[in-house]
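**Student:** Each chain, letter by letter, is given below.
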Amino acid sequence: MNCTEVGKILDAYLDNELDVVHSSAVEKHLSACEKCRKKAEARRSLIQLLRTADLMEPPPPELGLSVRNAVYGKELETPSTVSAFWRPVAIAAAVLFFIVLGFHLLLRHAPAGSNVLADQLYQDHIRSLLANHLTDVVSSDQHTVKPWFDGKVNYSPLVKDLRDSGFALLGGRLDVLENQRVAAIVYGRRQHIINLFIWPQPGQNEAGMEDDSRSGYHLLSWSGNGMRYCAVSDLNTDELGEFVRMIRE
Amino acid sequence: MVFSYRDTPGICGEHRMNPTRNHLLFETIVFPHLGAAFNLACWLVKNRQDAEDIVQESCLRAFRSLDGYRGGNARAWLLSIVRNTGYTWLERHGMYRKTVSLEEDVAVEDAADAEDIVHSRIDNELVRKATENLPVEFREVIILRELEGFSYKEIAGMLNVPAGTVMSRLARARSRLQKDLGFLLSDGEKGTVQV
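Protein sequences, first through last, are from chains A and B.
First residue of the first sequence: 1, per this note's numbering; consecutive thereafter.
First residue of the second sequence: 1, per this note's numbering; consecutive thereafter.
One or more of the hints may lead you astray.
Per the computed footprint, the stretches of chain A lying under chain B, defined by three or more beta-carbons under 8 Å from a beta-carbon of chain B, are [what the hints assert, rightly or not]:
id	segment
1	35-46
2	153-166
3	177-186
4	212-226
Computed list of lysine to aspartate or glutamate pairs in DMTMM-like fashion (alpha-carbon distance at most 20 Å, straight line) [as the list claims (entries may be wrong)]:
id	chain 1	residue 1	chain 2	residue 2
5	A	K160	A	D141
6	B	K46	B	D180
7	B	K46	B	E57
8	A	K38	A	E5
9	B	K129	A	D54
10	B	K153	A	E17
11	B	K153	A	D238
12	B	K179	A	E41
13	A	K28	A	E57
14	B	K179	B	E57
15	A	K152	A	D119
16	B	K153	A	D15
17	A	K152	A	E178
18	A	K160	A	E178
19	A	K160	A	D150
20	B	K46	A	D161
21	B	K129	B	D180
22	A	K28	A	E17
23	A	K38	B	E57
24	A	K146	A	D54
25	A	K8	B	E91
26	A	K8	A	D19
27	B	K179	B	E137
28	B	K46	A	E57
29	B	K129	A	E57
Just so you know, the hints here were simulated from the structure itself, not pulled from any lab data.
All values derive from a computational prediction rather than experimental measurement.
Just so it is clear, CB atoms sit at the ideal spot from N, CA and C, and this is done for glycine as well.
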């Protein structure tokens, strides 16, 4: 291979996109030709620079919400002959239908045993996003969210202000898990929603972290002080782990 | 996946989508990649507000064509929709003229010898500016390769061009960046870098 030929495939070589034959031919040339070696080094530095430069454009925090509104809003307002009077009823019925069928779909594929609880948690999480029922109490103030649960559940759930760490408190919600009412504390990170489910689990002492992932969602659960905690989100596992660490601190 | 994409086509047998399945699919396939979608849209149209509109429209398109999704890389699938929507937007606003000719695609420019690039002196702003100044066809391959980490083959699929074209476009895009960053540098450093 001469310099021109190597020049043409140098980028593919640096990107590990060449087959073994071409790759070793380039390597052989580079070890013999200083000019090309320098060129490769410069190119490698540029690639490194592009990857370390912070070029990622951060999405606006409300992007997830506006997308859901655009998508599900349009879906619900498909042209129909249903009169304005019946429309809300039809929407309510449709939403209920989605939920029931959603449960059915998820449960049908649910493995038996311990996964049933995890399935319910995923369903609760997804349902909270689908049915526009993310929060019952909307507040970024822990002293508003925490007292709201008084009289609704017979324990006081942990609510933390993690704004400074990039996890915004969005509010709280009552949810149902294994036929009992549980507190769901809702946090947001960029456009991702985290549901932190908390319920009492007497007799259970400190237990290690359990994790689970499916369909792009992650779940981290642990026990402490007689309570069970379960965080569910589409956030990546690293950031969800960071969130859990801060909740446990 | 918890559920299969290839379930029965529809409840009414007339290509009507099953609403639940598609809602859940949307949440699991499309939603996790909104950040990547927004980033690509920003780099295509260079404006956050328009990028948000493009992401919304792309998501709506994605939702409506969920039945056409056949597994595979969901991020690549969504981003190719964002790309199409972005190009349509650019054309509609008279901001897109094909700047890369097929002929040029074959030839790889000789890179400026930019070994003098001194990393510590180049801050994000310079890199960002240089990338912004690239023609859109170059910009997108840089974003898809360096930020999103797609393979040539994946990018080729999204752009609907041969993998060889991806290779030469990427090479030319990088060569231009090397030149531009060298120039920006020498500008700020009073000619310490030769272009």
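**Student:** None of the hints should be skipped; say for each whether it holds.
**Tutor:** Outcome of the hint check:
Chain B is given as covering the segment 35-46 of chain A, and this holds because 7 residues of the stretch bring a CB closer than 8 Å to a CB of that chain, at least three being needed. Judged by the Cβ-Cβ criterion of 8 Å, the segment 153-166 of chain A is not covered by chain B as claimed, because only 0 of its residues qualify and three are needed. Only when three residues or more bring their CB closer than 8 Å to a CB of chain B does the claim for the segment 177-186 of chain A stand; here the count is 0, and the claim is violated. For the segment 212-226 of chain A, the stated coverage by chain B is satisfied: 4 residues place a CB nearer than 8 Å to a CB of that chain, which reaches the threshold of 3.
Under the criterion of a C-alpha separation no larger than 20 Å, the hint pairing K160(A) with D141(A) is consistent with the structure, at around 9 Å. For the suggested pair K46(B) and D180(B), the alpha carbons sit about 19 Å apart, so the restraint of at most 20 Å is met. Annotation: proposed proximity of K46(B) to E57(B) holds, straight-line Cα distance about 17 Å (limit 20 Å). With a CA separation close to 16 Å, the supplied pair K38(A) and E5(A) stays within the 20 Å bound.
The hinted pair formed by K129(B) and D54(A) meets the criterion: a straight-line CA distance of about 12 Å does not exceed 20 Å. For the given pair, K153(B) sits about 9 Å from E17(A) by alpha-carbon distance, which is consistent with the 20 Å threshold. Straight-line distance between C-alpha atoms of K153(B) and D238(A) comes to about 28 Å, which puts the hinted pair past the 20 Å bound. Restraint check for K179(B) and E41(A): the C-alpha separation of about 15 Å stays at or below 20 Å, so the hint holds.
Only pairs whose Cα atoms come within 20 Å are accepted, and K28(A) paired with E57(A) is rejected, the gap being roughly 40 Å. For the hint pairing K179(B) with E57(B), the CA-to-CA distance comes to about 36 Å; that exceeds 20 Å, so the pair is violated. Between K152(A) and D119(A) the CA atoms are separated by roughly 24 Å; this puts the pair beyond 20 Å, and the hint is violated. The hinted pair formed by K153(B) and D15(A) meets the criterion: a straight-line CA distance of about 12 Å does not exceed 20 Å.
For the hint pairing K152(A) with E178(A), the CA-to-CA distance comes to about 16 Å; that is within 20 Å, so the pair holds. At most 20 Å may separate the alpha-carbon atoms for a hinted pair to count; K160(A) and E178(A) exceed this at roughly 25 Å. With a C-alpha separation of about 16 Å, the suggested pairing of K160(A) with D150(A) holds against the 20 Å cut-off. At roughly 35 Å between alpha-carbon atoms, K46(B) and D161(A) are farther apart than 20 Å, so this suggested pair is violated.
Proximity of K129(B) to D180(B) is assessed by CA-CA distance (about 9 Å); at most 20 Å being required, the pair is judged to hold. Proximity of K28(A) to E17(A) is assessed by CA-CA distance (about 17 Å); at most 20 Å being required, the pair is judged to hold. Straight-line distance between C-alpha atoms of K38(A) and E57(B) comes to about 45 Å, which puts the hinted pair past the 20 Å bound. Our distance criterion of 20 Å between C-alpha atoms is broken by K146(A) and D54(A), whose separation comes to about 38 Å.
As the CA atoms of K8(A) and E91(B) are separated by approximately 31 Å, the hinted pair breaks the 20 Å bound. Proximity of K8(A) to D19(A) is assessed by CA-CA distance (about 15 Å); at most 20 Å being required, the pair is judged to hold. Restraint check: the Cα-Cα separation between K179(B) and E137(B) comes to about 17 Å, which is no more than 20 Å; the hinted pair holds. Straight-line distance between C-alpha atoms of K46(B) and E57(A) comes to about 10 Å, which keeps the hinted pair within the 20 Å bound.
Taken as a hint, the K129(B) and E57(A) pair is honoured in the structure, with Cα atoms around 13 Å apart against an allowance of 20 Å.
In summary, the numbered hints that this structure violates are 2, 3, 11, 13, 14, 15, 18, 20, 23, 24, 25.
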